[in-house]
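**Student:** As you go down the protein sequences, you meet chains A and B in turn. If you count the first sequence from 1, position 28 lands on 28 in full-length UniProt numbering, and the numbers rise without skipping. If you count the second sequence from 1, position 211 lands on 211 in full-length UniProt numbering, and the numbers rise without skipping.
No lab work stands behind these hints, which were simulated from the structure alone. All C-beta atoms, glycine included, are put in the ideal place defined by N, C-alpha and C. Each hint should be verified, as a subset may be incorrect.
[Said to hold, decoys possible] From chain A, some residues computed to sit far from chain B (all C-beta separations above 10 Å):
#, residue
1, M1
2, G31
3, H32
4, T44
5, T49
6, K77
7, N92
8, E98
9, N100
[Unchecked claim] Here are a few chain A residues that face chain B, going by a calculated C-beta distance under 7 Å:
#, residue
10, T33
11, H35
12, H96
Each chain is listed here by its residues.
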Amino acid sequence: MNIIGIAACVAGIAHTYIAKEKLTKAAEKRGHTIHIETQGQIGTEDELTAEQIKISDVVILAVDTSIKGRDRFAGKKIVEVSTEVVIHSAGNLIKHIEENIKA
Amino acid sequence: MKNLNIKKNLMTAISYLIPFVCCSGMLMVIGNISGGQGIKDFNGSMSVADVLFTLGGDGLGLLAVFISMFISYAIADRAGIVPGFLLGILCKEYGYGFLGGLFAGFMTGYLANYLKNAIRLPAWFEGIKPMLILPFLTTLIVALLMRYVVGIPIHALQDFIGYTLTSMQGGSIIVLGIVVGILSAVDYGGPINKVVFVFCLGLVSEGYTTPMNALISASMIAPLGLTICYFLSRLFKRDIFSDEEANALKSAFIMGCCQITEGSYPIILNDLIRITICTAIGAAVNGALVFYWDCTNPIVWGGFFTLPGQNHPGLWVAALLIGSLVFSIICLLLKRKPVTKENDDEQELNLSNVKISG
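Produce the entire structure from the sequences given, and follow the hints as far as they go.
**Tutor:** Okay, here's the thing in structure tokens:
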């Protein structure tokens, strides 16, 4: 699958980036391509391109705060969780998504 | 209620608030170290230190304004800024304080959002809506509500909290310290910690700085405790840290000194339950001591950077070290060396936390 997503936590300095790393590792291990945008205290980094969004099968939002640019994902399948879920069980989340979303 | 997203909006506001609090706090610290004072009469002379201290102090005095505006903005986007700001000023001036700011922010945010969708105007008149109608109506309605309805119980609640805190003595103070300590530390800078942070911030703006002071040191227990535990483990030849953990510990320690607990995550996650037991006990001890010794400090964030603001720097550090030592001793007994394997032993996915839409 082509997975995209956003990670954002409250302080925006640690959980955001751990969530990104966990998601990326878990998804790549299971053979998916994944791009995660981070919205931390420093601002938006690794912003998703229009092309990445267009070809994506599912959007994972690992967010504890309201995020910028949610409207970009209109019509997409969106999975929304807290950063904590991703940090503790990214692999199981990806598995769950595989089972429930047909690419 | 669910789609009001109260928690997410509050967390967004806190996210904006943190740099503001750090920046004002740091100005105050530097001003304080260099002997500055808060200046009220700007006609007289003013040293650089006075400028810094006054700027930081006045900045922190605006907490109610900022929390109200940020919450309102998180909920209603642009339409929330002006009413949130004006209501925040009302809260500051009329003494509704930080607590009032919280309420005002939610009220203006939701109302602005509602009016944004509810008011329909002919196209040629649409421009006047965001310019005048939305901010004016929202501010007017919420201001009157605040002044004549909501403000009354808020005042009462504030007096009650203030009275309870000042009249607490002995045992109950220590219990409060234990509760604040545990709740601040137990999820390592996660949402529970942030809720306690909001609570403590409210108390700081009312002049009670001990709870926040306990939160500051409790947040540092895990990284400092892990560091002490590492050295103890070398001393007692207990092989409980993997090489990756020892490596991660360096940055965890530095970040911990600045009150960023998250640096310890790589180690904590290897053994979440055992280490959290250590954290809870260590933080409880620390919280109890900070309250017992009545350590106060006007700076609301910054780990060791708060030292210049501490009324009893020695005792505060002692509370921190004792808490960390308790942590490290329990950790030394409980912790196991992580087994390096392809880790599929992550936590079970709680499906109620997963929301799929679209």
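**Student:** Now tell me, hint by hint, if it's right for this structure.
**Tutor:** We went through each hint and held it up to the structure:
1. No Cβ of chain B approaches the Cβ of A/M1 within 10 Å, the least distance being about 14 Å, so the stated non-interface status holds.
2. Against chain B, the non-interface label of A/G31 holds: every CB pair exceeds 10 Å, the least being about 15 Å.
3. With a cut of 10 Å on Cβ distances, A/H32 stays outside the contact zone with chain B, its closest approach being about 16 Å.
4. Under the 10 Å C-beta cut-off, the non-interface status given to A/T44 relative to chain B holds; the minimum distance is some 13 Å.
5. At roughly 20 Å, the least C-beta separation between A/T49 and chain B is larger than 10 Å, which holds for a residue marked as non-interface.
6. Annotated as non-interface, A/K77 brings its C-beta within 10 Å of a C-beta of chain B; the closest such distance is 4 Å.
7. For A/N92, the shortest C-beta to C-beta distance to chain B comes to about 4 Å, within the 10 Å cut-off, and the non-interface label is violated.
8. Against chain B, the non-interface label of A/E98 holds: every CB pair exceeds 10 Å, the least being about 12 Å.
9. The Cβ of A/N100 does not lie farther than 10 Å from every Cβ of chain B; its closest approach is about 6 Å, which violates its non-interface assignment.
10. A distance limit of 7 Å between C-beta atoms decides the matter here; for A/T33 the minimum to chain B is near 19 Å, and the interface restraint is violated.
11. Violation of the interface hint for A/H35 is found here, the shortest Cβ-Cβ separation to chain B being roughly 18 Å, above the 7 Å cut-off.
12. Interface hint status for A/H96: upheld, as the beta-carbon distance to the closest one in chain B is roughly 6 Å, under 7 Å.
Violated hints, in rising order: 6, 7, 9, 10 and 11; the structure is consistent with all others.
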